[in-house]
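Trainee: Based on the sequences and whatever the hints tell you, model everything.
Note that the working numbering numbers the sequence shown so that position 91 is 96, with each residue one more than the last.
Worth flagging that the hints you see were computed from the coordinates, not collected in a lab.
Quick caveat, the model's predicted, so the values are computed rather than measured.
Virtual Cβ for every residue (Gly too), placed ideally from N, Cα, C.
Wrong hints could be hidden among the right ones.
Said to hold, decoys possible - Cβ pair distances, simulated, as ranges:
{"id": "1", "residue 1": "F12", "residue 2": "R117", "range": "19 to 25 Å"}
{"id": "2", "residue 1": "S87", "residue 2": "G51", "range": "19 to 25 Å"}
{"id": "3", "residue 1": "M6", "residue 2": "E101", "range": "29 to 35 Å"}
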Amino acid sequence: MPTDVAFGPDGTAYVADAYNHRIQRFAANGGRLDVWGGPLGLGIPGPWPGWFRVATGVHVDSGGRVFVADFYNHRIQAFGPSGDFLSEWGEPGSGERALDRPTDVATGPRGRVFVADFGNDRIQVFACTSCGSG
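Mentor: Structural data, given as structure tokens:
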């Protein structure tokens with residue numbers, strides 16, 4: 006079930022396919038390039054880097070980095086434009102820097118990352134100092 010779509014600087018489309026636990030990547034002409042999430046993009050949920058447990062939101066920054074809201078893993082994951090894992094952050098909870106079922110993510114000025122933290126009824130703002138580079 007697609008829940009979000011974002012476009013890279015080159016026109017590549019990234020689709021958050023929530024309950025298939027994956028991100029699908031499409032060329033600007035509509036052809037599917039690949040699928041991320043679990044082993045070989047099979048959409049098996051899991052807590053490991055590059056795996057998702059309901060990928061609800063996706064965002065691509067101006068540098069081409071792809072950010073994914075990983076709902077039931079209570080984290081944000083960052084990837085290079087081709088799906089190379091860069092970093093992750095967040096842990097279950099309600100404290101500072103903790104997340105409870107994030108639904109969406111966006112980047113803003115000064116390298117900040119904004120997260121819709123559904124379960125905590127707030128928007129969290131993170132400095133993207135360790136997001137990696139694509």
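Trainee: State, for the Cβ atoms of F12 and R117, whether the hinted interval 19 to 25 Å holds or is violated.
Mentor: 20 Å, holds
Trainee: Is 19 to 25 Å a correct range for the gap between the Cβ atoms of S87 and G51?
Mentor: 21 Å, holds
Trainee: For the hint 29 to 35 Å, verify it against the beta carbon of M6 and that of E101.
Mentor: 32 Å, holds
In summary, the structure agrees with every hint in the numbered list given earlier.
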